[in-house]
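Engineer: Got chain A sorted already, so can you dock chain P onto it with the hints?
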Amino acid sequence: MTWRYRVTLFFFVILFFLILARLFYWQTVRAQELAALGQAQYGSEITLNPQRGQIMTSDGFAVAANKLSYRVFANPKEVKDVQNEANTLSPVLKEDSATISALLSLNKYWVSLAPSVDQNTKNKISSLHLPGVGFEDEYNRFYPEASMAANLLGFVGKDENGNDKGYFGLEGYYDRQLRGKTGIAVEIHDALGQPILAKMNDTTQEVDGRNLILHIDRTVQYLLDEEIKNGVQKYGAKSGEAAIMDPKTGAILAMSQYPSFDPRDYQKYSESSYLNTFITDTYEPGSTFKPLIMSAALNEGLLQPDTKCTICSGPVPIGGYEIHTWNDQYFPNTTMTDVIVHSDNTGMVFVGQKLGQDRMMDYLQKFGIGDLTGIDLQGEEAPGLRPKDQWYPIDVATASFGQGIDVTPIELLDAFSVIANGGKRMEPHVVAAVQTPDGQTIQIPPKEIDQPVSATTAQVMTQILVDAVNKGEASFARLKGYDIAGKTGTASIPIAGHYDPTQTIASFIGFAPAEDPKFVMLVIFNRPTASIWGAETAAPVFFDVAKKLLMYYGIPPNQ
Amino acid sequence: MKKPIVLLIFLFLIILGLALVQIGLSNKIATTGEQLTALQNEIDVYKKENTILNQKLLSASSLTTIAAKAKKLGFVDDNTQIDLSAPLPLALRQ
Chain A
-14 MTWRYRVTLF FFVILFFLIL ARLFYWQTVR AQELAALGQA QYGSEITLNP QRGQIMTSDG
46 FAVAANKLSY RVFANPKEVK DVQNEANTLS PVLKEDSATI SALLSLNKYW VSLAPSVDQN
106 TKNKISSLHL PGVGFEDEYN RFYPEASMAA NLLGFVGKDE NGNDKGYFGL EGYYDRQLRG
166 KTGIAVEIHD ALGQPILAKM NDTTQEVDGR NLILHIDRTV QYLLDEEIKN GVQKYGAKSG
226 EAAIMDPKTG AILAMSQYPS FDPRDYQKYS ESSYLNTFIT DTYEPGSTFK PLIMSAALNE
286 GLLQPDTKCT ICSGPVPIGG YEIHTWNDQY FPNTTMTDVI VHSDNTGMVF VGQKLGQDRM
346 MDYLQKFGIG DLTGIDLQGE EAPGLRPKDQ WYPIDVATAS FGQGIDVTPI ELLDAFSVIA
406 NGGKRMEPHV VAAVQTPDGQ TIQIPPKEID QPVSATTAQV MTQILVDAVN KGEASFARLK
466 GYDIAGKTGT ASIPIAGHYD PTQTIASFIG FAPAEDPKFV MLVIFNRPTA SIWGAETAAP
526 VFFDVAKKLL MYYGIPPNQ
Chain P
233 MKKPIVLLIF LFLIILGLAL VQIGLSNKIA TTGEQLTALQ NEIDVYKKEN TILNQKLLSA
293 SSLTTIAAKA KKLGFVDDNT QIDLSAPLPL ALRQ
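For the protein sequence lines, the chains are A and P, in the order given. The opening residue of the first sequence carries number -14 in my numbering; numbering runs sequentially from there. The opening residue of the second sequence carries number 233 in my numbering; numbering runs sequentially from there.
Excised from the complex, chain A in its bound form (with noise of 0.2 Å):
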């Protein structure tokens, strides 16, 4: 009897080990398909697509935002008069009908018509009661202001896969942060395919994008965006740019360039058209540049403003070369404030050679130039700085007075608002601060990175740079009433290894007001026709909208 009881034990046991086996390679093994394969039984998988975050004036304003539109679909099976039903949504479409009747000729269930229709086409067609004609809700970027800073915010495209993507500006910038997280979800349904539960799985819901706040203030940027076009216009310049800077954060308050694109239409426009060119042309800064090498030098304590120049009374030869004052006008035995006044070159030569070569780059390098400036926008270059082995002394001659020295606009308004800001330089900065979904804004604090010269020598600067704008060639469009410091430039392009000298780019750069300002800005017109001269042009554009900021910050003359 024993062997009886023993066998059936042994088969009973290879029974319930053979059991635990299978359990095992269901519930483990096979695990996630089964489930998957269940879940499609019961349920069906669909997407929770995020609403992009909208991107937001310092006053609240959404200069970018997500407007609703349609898709209209068709399902060709369902279409009885292909001909007929083309050539009546032809015309509302403003679509060839050839093409309609193509796509509702096609083999397939559902075929795209027209993607992203507003409101009111999407109620004419739905008029029309088409049999088979449909529509899908599709969220889409939303430019109010239309090009008004087009170039600072970028647009919105699609990546390989077809989803939204920011490209270029902040939108490209903060790309992660605007896009929010797609989530996924599992709709219950019942034996006739009607939802039980609305929702099931929600471990991996959607988060809506997050909202940016910027320094810009839309009343400012609207106000250059006008002026920098009427500008181009009435300069015949080939483009024009300017930007509005606040020197003690850092906030960019404005960012303009004309000509610009929609970002509404960003395909109509050619791919060179959506760079910002304020942070990714570089150019040649010319006279605007001598307030920088100027502070060096007196932050050294190698010259005061009434020292005088001992090679301004002709051109000064170096190395083969000859340098020249802009009017072939000297001015023997001139100080170092009627340097800057008269943006004489000769005297600039002076003051590079008394800094040398060495002590000049270390200040370039303080004052952020040849790097990155670290502005929060997609896009920014950096020239770099030639290494200190191919500096010659012609070199240090001409970049002495901004020629033969590449910059970014970007670069050379956060050198110059150094002068501003107590000899501190701050990191340019366009995002105030970042608002999550759940309504938690988080502040982006002002940043310091250097202080290249003292506050001392930043205020002997400015008092060299009112002087320059009160008695300087530029001293016609001046404002009264009110200390301005700023600095004209004419700077020459270099076209095939010489200058052309009938093109020039013609800029100005100044803060107001001097004794606390509220402001740096920077303008520049590229080839200017109605003339080449920095102080007829951008200086002119440059006050005028200094004018209308001192009015709209209510700041009052000081004489």
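Keep in mind that the hints were calculated from the coordinates and are not lab data. The model shown is predicted, which means the values in this text are computed figures rather than measured ones. All C-beta atoms in this analysis are idealised placements derived from N, C-alpha and C, irrespective of residue type, glycine included. Each hint should be verified, as a subset may be incorrect.
[Said to hold, decoys possible] The list that follows gives simulated cross-link-like pairs (lysine-lysine, BS3-like), each with its CA atoms no further than 27 Å apart: (1) A/LYS532 with A/LYS233; (2) A/LYS233 with A/LYS79; (3) P/LYS280 with A/LYS533; (4) A/LYS109 with P/LYS280; (5) A/LYS143 with P/LYS288; (6) A/LYS150 with A/LYS109; (7) P/LYS288 with A/LYS253.
[Unchecked claim] Chain P regions said to be covered by chain A (calculated; three or more residues, Cβ under 8 Å): (8) 275 to 286; (9) 290 to 296.
Structural biologist: Just chain P, lined up with the frame of chain A:
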């Protein structure tokens, strides 16, 4: 042996009560999905309405639109500036 009539009645009532509760709950759950879908549709409608209204509001209050309308109505830029100078200190009136 005496039948436990009280116990049987008690059990019967419990079964009946539980059955009724189940019918009631099933009935409620069966319609909850529909109600939830209706609520979700309503939320979607309000969200869409909000988006459309926000879009209209932004379009109407954009500076580009306001400037264009102002120009059409004949408004011009006001560039006049009036400075009210501070009175001179009394000590200077000698």
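Engineer: Look at each hint and say if it fits the structure.
Structural biologist: A quick look at each hint next to the structure:
Restraint check: the Cα-Cα separation between A/LYS532 and A/LYS233 comes to about 20 Å, which is no more than 27 Å; the hinted pair holds. Pair hint A/LYS233 plus A/LYS79 does not hold up; C-alpha atoms about 52 Å apart against a cutoff of 27 Å. Distance restraint check for P/LYS280 and A/LYS533: the Cα-Cα separation of roughly 40 Å exceeds the 27 Å cut-off, and the hinted pair is therefore not satisfied. For the given pair, A/LYS109 sits about 19 Å from P/LYS280 by alpha-carbon distance, which is consistent with the 27 Å threshold.
For a cut-off of 27 Å, the pair hint linking A/LYS143 to P/LYS288 stands: about 25 Å separates their Cα positions. Only pairs whose Cα atoms come within 27 Å are accepted, and A/LYS150 paired with A/LYS109 is rejected, the gap being roughly 31 Å. About 25 Å separates the Cα atoms of P/LYS288 and A/LYS253, which keeps this hinted pair within 27 Å; it holds. Coverage of a stretch by a chain is defined here by at least three residues with a beta carbon nearer than 8 Å to that chain's beta carbons; for the segment 275 to 286 of chain P and chain A the count is 4, and the condition holds.
Check result for the segment 290 to 296 of chain P against chain A: holds, 6 residues qualifying (beta carbon to beta carbon below 8 Å, three or more required).
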